[in-house]
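Undergrad: So for the sequence shown, UniProt numbering puts the first residue at 1; every next one is plus one.
Treat the hints with caution; some may be incorrect.
Stated by the list, open to error - Below, computed lysine-lysine pairings styled on DSSO-like, alpha-carbon distance capped at 30 angstroms:
(1) LYS182 to LYS23
(2) LYS167 to LYS119
(3) LYS23 to LYS58
(4) LYS8 to LYS28
(5) LYS167 to LYS150
(6) LYS150 to LYS102
(7) LYS8 to LYS182
(8) LYS171 to LYS150
(9) LYS119 to LYS102
(10) LYS7 to LYS182
(11) LYS119 to LYS51
(12) LYS171 to LYS134
(13) LYS102 to LYS167
(14) LYS134 to LYS150
(15) LYS102 to LYS66
(16) LYS58 to LYS102
(17) LYS119 to LYS150
(18) LYS134 to LYS119
(19) LYS51 to LYS23
(20) LYS7 to LYS58
(21) LYS66 to LYS17
(22) LYS28 to LYS51
(23) LYS8 to LYS119
(24) LYS102 to LYS31
(25) LYS44 to LYS17
(26) LYS167 to LYS134
(27) LYS8 to LYS23
(28) LYS134 to LYS182
(29) LYS44 to LYS58
(30) LYS31 to LYS58
(31) LYS171 to LYS44
(32) LYS7 to LYS28
(33) LYS44 to LYS102
(34) LYS28 to LYS66
(35) LYS17 to LYS102
(36) LYS44 to LYS31
The hints are simulated quantities; they were obtained by calculation from the structure and are not laboratory data.
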Amino acid sequence: MQAINLKKGMIFSQDGKLIKVLKANHHKPGKGNTVMQMDLRDVKSGAVVHKTMRPTEKIDLIDVTKRTAQYLYGEGDVYTFMDTETYDQYEVSADQLGDDVKFLMPNIQVDMEFTGDNKIIGIELPSTVEMTIKETQPEIKGATVAGGGKPATMETGLVVQVPDFIKEGEKLIIGTENGDYKSRADSQPR
Numbered sequence: 001m002q003a004i005n006l007k008k009g010m011i012f013s014q015d016g017k018l019i020k021v022l023k024a025n026h027h028k029p030g031k032g033n034t035v036m037q038m039d040l041r042d043v044k045s046g047a048v049v050h051k052t053m054r055p056t057e058k059i060d061l062i063d064v065t066k067r068t069a070q071y072l073y074g075e076g077d078v079y080t081f082m083d084t085e086t087y088d089q090y091e092v093s094a095d096q097l098g099d100d101v102k103f104l105m106p107n108i109q110v111d112m113e114f115t116g117d118n119k120i121i122g123i124e125l126p127s128t129v130e131m132t133i134k135e136t137q138p139e140i141k142g143a144t145v146a147g148g149g150k151p152a153t154m155e156t157g158l159v160v161q162v163p164d165f166i167k168e169g170e171k172l173i174i175g176t177e178n179g180d181y182k183s184r185a186d187s188q189p190r
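Sequences and hints are given; from them, build the entire structure.
TA: Here is the structure:
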């Protein structure tokens, strides 16, 4: 496969290491050829690097098996998930999860990712999660949606920019792609 086809979440092999794509975008500088700018995570060590590749560069995509699992709990730097079909439990380190840790809510459904030889690579989060605001500035009377916004700390420690009218203790829908505010949880269409 060519590097131009890489997308977030894909896993490939390079120099004997498994690499997960965290971000991938095309960049066309003023002069010169288009390049792929990517944030990559070494699956084993958890190290994140920013790398530039030519779009035509060949890469070896890894076959990934996904199984639905439920997040149970975290203890120290180890997070426990349960396969929803077999009830097998899997432990995943904080290094393997990276920033995904901040989106883990009790009982959330995720896709566990495994290599062909049944080694855990990591998880794939749902596109949104529901979280409660633990701490934010008081609401600003007369604030509109178009206002500048304010930071809010969610129950997992994730900090999200929210509109000025949002209050502490409210449940919000947060996008897991880049940790952005989507809506209030109670205003979701049913």
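Undergrad: It remains to establish, for every hint, whether it holds in the given structure.
TA: Hints versus structure:
| no. | hint | result |
| --- | --- | --- |
| 1 | LYS182 to LYS23 | holds (20 angstroms) |
| 2 | LYS167 to LYS119 | violated (43 angstroms) |
| 3 | LYS23 to LYS58 | holds (18 angstroms) |
| 4 | LYS8 to LYS28 | holds (19 angstroms) |
| 5 | LYS167 to LYS150 | holds (11 angstroms) |
| 6 | LYS150 to LYS102 | holds (19 angstroms) |
| 7 | LYS8 to LYS182 | holds (20 angstroms) |
| 8 | LYS171 to LYS150 | holds (16 angstroms) |
| 9 | LYS119 to LYS102 | holds (23 angstroms) |
| 10 | LYS7 to LYS182 | holds (22 angstroms) |
| 11 | LYS119 to LYS51 | holds (25 angstroms) |
| 12 | LYS171 to LYS134 | holds (10 angstroms) |
| 13 | LYS102 to LYS167 | holds (20 angstroms) |
| 14 | LYS134 to LYS150 | holds (14 angstroms) |
| 15 | LYS102 to LYS66 | holds (21 angstroms) |
| 16 | LYS58 to LYS102 | violated (33 angstroms) |
| 17 | LYS119 to LYS150 | violated (41 angstroms) |
| 18 | LYS134 to LYS119 | violated (36 angstroms) |
| 19 | LYS51 to LYS23 | holds (10 angstroms) |
| 20 | LYS7 to LYS58 | holds (14 angstroms) |
| 21 | LYS66 to LYS17 | holds (20 angstroms) |
| 22 | LYS28 to LYS51 | holds (15 angstroms) |
| 23 | LYS8 to LYS119 | holds (20 angstroms) |
| 24 | LYS102 to LYS31 | violated (39 angstroms) |
| 25 | LYS44 to LYS17 | holds (8 angstroms) |
| 26 | LYS167 to LYS134 | holds (10 angstroms) |
| 27 | LYS8 to LYS23 | holds (5 angstroms) |
| 28 | LYS134 to LYS182 | holds (17 angstroms) |
| 29 | LYS44 to LYS58 | holds (22 angstroms) |
| 30 | LYS31 to LYS58 | holds (23 angstroms) |
| 31 | LYS171 to LYS44 | violated (35 angstroms) |
| 32 | LYS7 to LYS28 | holds (17 angstroms) |
| 33 | LYS44 to LYS102 | holds (20 angstroms) |
| 34 | LYS28 to LYS66 | violated (34 angstroms) |
| 35 | LYS17 to LYS102 | holds (25 angstroms) |
| 36 | LYS44 to LYS31 | violated (37 angstroms) |
In this structure, the hints that do not hold are numbers 2, 16, 17, 18, 24, 31, 34, 36, in rising order.
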